[in-house]
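Undergrad: If you want the building blocks of each chain, they are given just below.
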Amino acid sequence: GAVVSQHPSRVICKSGTSVKIECRSLDFQATTMFWYRQFPKQSLMLMATSNEGSKATYEQGVEKDKFLINHASLTLSTLTVTSAHPEDSSFYICSAPVGPSRDEQFFGPGTRLTVL
Amino acid sequence: QKEVEQNSGPLSVPEGAIASLNCTYSDRGSQSFFWYRQYSGKSPELIMFIYSNGDKEDGRFTAQLNKASQYVSLLIRDSQPSDSATYLCALRNTGFQKLVFGTGTRLLVSP
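Line order of the protein sequences matches chains A and B.
Position 28 (the first sequence) corresponds to 48 in my numbering; numbering is contiguous.
Position 2 (the second sequence) corresponds to 904 in my numbering; numbering is contiguous.
Isolated chain B, as found in the complex (with noise of 0.2 Å):
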């Protein structure tokens, strides 16, 4: 099993809707858990991170965990055709600063 899985994709949704992105970790330990949105060619860049269970919300962003089911999610509010792009969960374990990151979900966003 792998440590941090994702749906590959790609996730389609129309321009304005909500899309809603998965992540499901194996580790118990995990305690630190970020995403990350990569576009075609370029490096990651850091969207949001979440420690405590619940949910986070940055601009149209939220983030959602829930340590006991082992997953956390992305919700993309107003999606927007720039927002096409791969997205990955990683997490970060207590005592280690090395991230270990999902295989990511491609998300395309239709005018």
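If we strip away everything but chain A, and leave its shape as in the complex, we get (with noise of 0.2 Å):
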């Protein structure tokens, strides 16, 4: 299957900092990604769709100027996480759609972020 990376696997940052968090698709291209967060026994949420080329949508309460995401190629999407407070802890996961009808997403593997 579609195999989507994801950068670092593991963070701790100090409060305050700035985080980058990139993902990869590494056999296939894509046009869009996907951002979502997970915190602890709670389902995912979307955060955020990343297209190449253009500006990221936003879900609704996703602060775009806190959760800044590039979509710089067709393989690569980042998520850079702004002056990190510990409330923004959390296992974030990138996915990209696959197949002939993009219906099918894979998701990467994932990236704890701790903030301390």
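Calculated directly from the structure, the hints in this document are not laboratory data.
Hints should not be assumed to be uniformly reliable.
BS3-like, lysine-lysine: derived pairs with alpha carbons at most 30 Å apart [to be verified]:
no.: 1; chain 1: B; residue 1: K904; chain 2: A; residue 2: K86
no.: 2; chain 1: A; residue 1: K86; chain 2: A; residue 2: K34
no.: 3; chain 1: A; residue 1: K34; chain 2: B; residue 2: K904
no.: 4; chain 1: B; residue 1: K904; chain 2: A; residue 2: K61
no.: 5; chain 1: A; residue 1: K40; chain 2: A; residue 2: K86
no.: 6; chain 1: B; residue 1: K969; chain 2: A; residue 2: K61
no.: 7; chain 1: A; residue 1: K61; chain 2: B; residue 2: K944
no.: 8; chain 1: B; residue 1: K944; chain 2: B; residue 2: K1000
no.: 9; chain 1: A; residue 1: K40; chain 2: B; residue 2: K969
no.: 10; chain 1: B; residue 1: K958; chain 2: A; residue 2: K75
no.: 11; chain 1: A; residue 1: K84; chain 2: B; residue 2: K904
no.: 12; chain 1: A; residue 1: K84; chain 2: A; residue 2: K34
no.: 13; chain 1: A; residue 1: K86; chain 2: B; residue 2: K944
no.: 14; chain 1: B; residue 1: K958; chain 2: A; residue 2: K84
no.: 15; chain 1: A; residue 1: K84; chain 2: A; residue 2: K61
no.: 16; chain 1: B; residue 1: K944; chain 2: A; residue 2: K75
no.: 17; chain 1: B; residue 1: K1000; chain 2: B; residue 2: K904
no.: 18; chain 1: B; residue 1: K944; chain 2: B; residue 2: K904
no.: 19; chain 1: B; residue 1: K1000; chain 2: A; residue 2: K86
no.: 20; chain 1: A; residue 1: K86; chain 2: A; residue 2: K75
no.: 21; chain 1: B; residue 1: K958; chain 2: B; residue 2: K1000
no.: 22; chain 1: B; residue 1: K1000; chain 2: A; residue 2: K40
no.: 23; chain 1: A; residue 1: K61; chain 2: A; residue 2: K40
no.: 24; chain 1: A; residue 1: K84; chain 2: B; residue 2: K969
no.: 25; chain 1: B; residue 1: K904; chain 2: B; residue 2: K958
no.: 26; chain 1: A; residue 1: K75; chain 2: B; residue 2: K1000
no.: 27; chain 1: B; residue 1: K904; chain 2: A; residue 2: K75
no.: 28; chain 1: A; residue 1: K75; chain 2: A; residue 2: K34
Quick one: dock chain against chain with the hints and give me the complex.
TA: Structure below.
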């Protein structure tokens, strides 16, 4: 199946710093990628849709100035958590649609962010 | 009413039994339905997708869709302890690529 990678897998940072998370499609091109956040024992919450060559589309309640998304190429999308605070500690996961109809979504392995 | 509803569980079944996981949805415009499995601390992995009413089988897994009743289910035959995980139901509406997820059902298969 399609492979989506994320880097880093785990990051611990101090409050106030910015953290960049990369999401790559390894064997296919992805004009669209999705960024999710998952808090412990909760389901995935879609944060934004990343579009190659254009601005990301953010879900209601997600601060676009805090969660910067850049879809630099057909295989790379980045999420930058700016001025991170402890409440931003979460599991961040990206996904990309694949298949002829782009219906199936494959997820990256996720990035565990801990803000001290 | 949540767009996708699942019983959080846990659903406990003995090894070798059939596990039945259910999901209901509110939007009749939903077209595509997906089941994901998520192990603790890991990201979701796609098990099956179904578009049409009826059953779709893949190995030990069977997805069932009933659009009139707005539910989709996942049956796991010959359940194994390794099937213990949280199962997420998701749907996609026509014209949109994004998925809407339920909160997931935790399945525990005891040896």
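Undergrad: Hint by hint, say whether it matches the structure.
TA: Taking the hints in turn, this is what the structure says about them:
The hinted pair formed by K904 (chain B) and K86 (chain A) meets the criterion: a straight-line CA distance of about 27 Å does not exceed 30 Å. Straight-line distance between C-alpha atoms of K86 (chain A) and K34 (chain A) comes to about 16 Å, which keeps the hinted pair within the 30 Å bound. With a C-alpha separation of about 36 Å, the suggested pair K34 (chain A) and K904 (chain B) falls outside the 30 Å cut-off, and the hint is violated. For a cut-off of 30 Å, the pair hint linking K904 (chain B) to K61 (chain A) stands: about 17 Å separates their Cα positions.
Between the alpha carbons of K40 (chain A) and K86 (chain A) the distance comes to roughly 12 Å, so the proposed pair stays at or under 30 Å and holds. Taken as a hint, the K969 (chain B) and K61 (chain A) pair is honoured in the structure, with Cα atoms around 29 Å apart against an allowance of 30 Å. For a cut-off of 30 Å, the pair hint linking K61 (chain A) to K944 (chain B) stands: about 12 Å separates their Cα positions. For the suggested pair K944 (chain B) and K1000 (chain B), the alpha carbons sit about 20 Å apart, so the restraint of at most 30 Å is met.
Of the pairs offered as hints, the one joining K40 (chain A) and K969 (chain B) is violated, with about 41 Å between alpha carbons and a cut-off of 30 Å exceeded. Proximity of K958 (chain B) to K75 (chain A) is assessed by CA-CA distance (about 38 Å); at most 30 Å being required, the pair is judged violated. The straight-line distance between the Cα atoms of K84 (chain A) and K904 (chain B) is roughly 25 Å, inside the 30 Å bound, and the hint therefore holds. At roughly 21 Å between alpha-carbon atoms, K84 (chain A) and K34 (chain A) fall within 30 Å of each other, so this suggested pair holds.
Proposed proximity of K86 (chain A) and K944 (chain B) is supported: the alpha carbons are some 25 Å apart, at most 30 Å. Distance hint between K958 (chain B) and K84 (chain A) is unfulfilled; the C-alpha atoms sit about 40 Å from each other, more than 30 Å. Proposed proximity of K84 (chain A) and K61 (chain A) is supported: the alpha carbons are some 25 Å apart, at most 30 Å. The suggested pairing of K944 (chain B) with K75 (chain A) holds, with an alpha-carbon distance near 29 Å, which does not exceed 30 Å.
Note on K1000 (chain B) and K904 (chain B): the hinted pairing holds, with a Cα-Cα distance of about 16 Å set against a maximum of 30 Å. Among the hinted pairs, K944 (chain B) with K904 (chain B) is consistent with the structure: their alpha-carbon atoms are about 25 Å apart, no more than 30 Å. Of the pairs offered as hints, the one joining K1000 (chain B) and K86 (chain A) holds, with about 21 Å between alpha carbons and a cut-off of 30 Å not exceeded. Taking the CA atoms of K86 (chain A) and K75 (chain A), the gap is near 15 Å; set against the 30 Å cutoff, the hint holds.
Note on K958 (chain B) and K1000 (chain B): the hinted pairing holds, with a Cα-Cα distance of about 23 Å set against a maximum of 30 Å. Taking the CA atoms of K1000 (chain B) and K40 (chain A), the gap is about 23 Å. The hint holds against a cut of 30 Å. The hinted pair formed by K61 (chain A) and K40 (chain A) meets the criterion: a straight-line CA distance of about 24 Å does not exceed 30 Å. Between the alpha carbons of K84 (chain A) and K969 (chain B) the distance comes to roughly 36 Å, so the proposed pair goes past 30 Å and is violated.
Only pairs whose Cα atoms come within 30 Å are accepted, and K904 (chain B) paired with K958 (chain B) is accepted, the gap being roughly 26 Å. Straight-line distance between C-alpha atoms of K75 (chain A) and K1000 (chain B) comes to about 16 Å, which keeps the hinted pair within the 30 Å bound. Of the pairs offered as hints, the one joining K904 (chain B) and K75 (chain A) holds, with about 29 Å between alpha carbons and a cut-off of 30 Å not exceeded. Distance restraint check for K75 (chain A) and K34 (chain A): the Cα-Cα separation of roughly 28 Å lies within the 30 Å cut-off, and the hinted pair is therefore satisfied.
Checked against the numbered hints given earlier, the structure breaks hints 3, 9, 10, 14 and 24 and satisfies all the rest.
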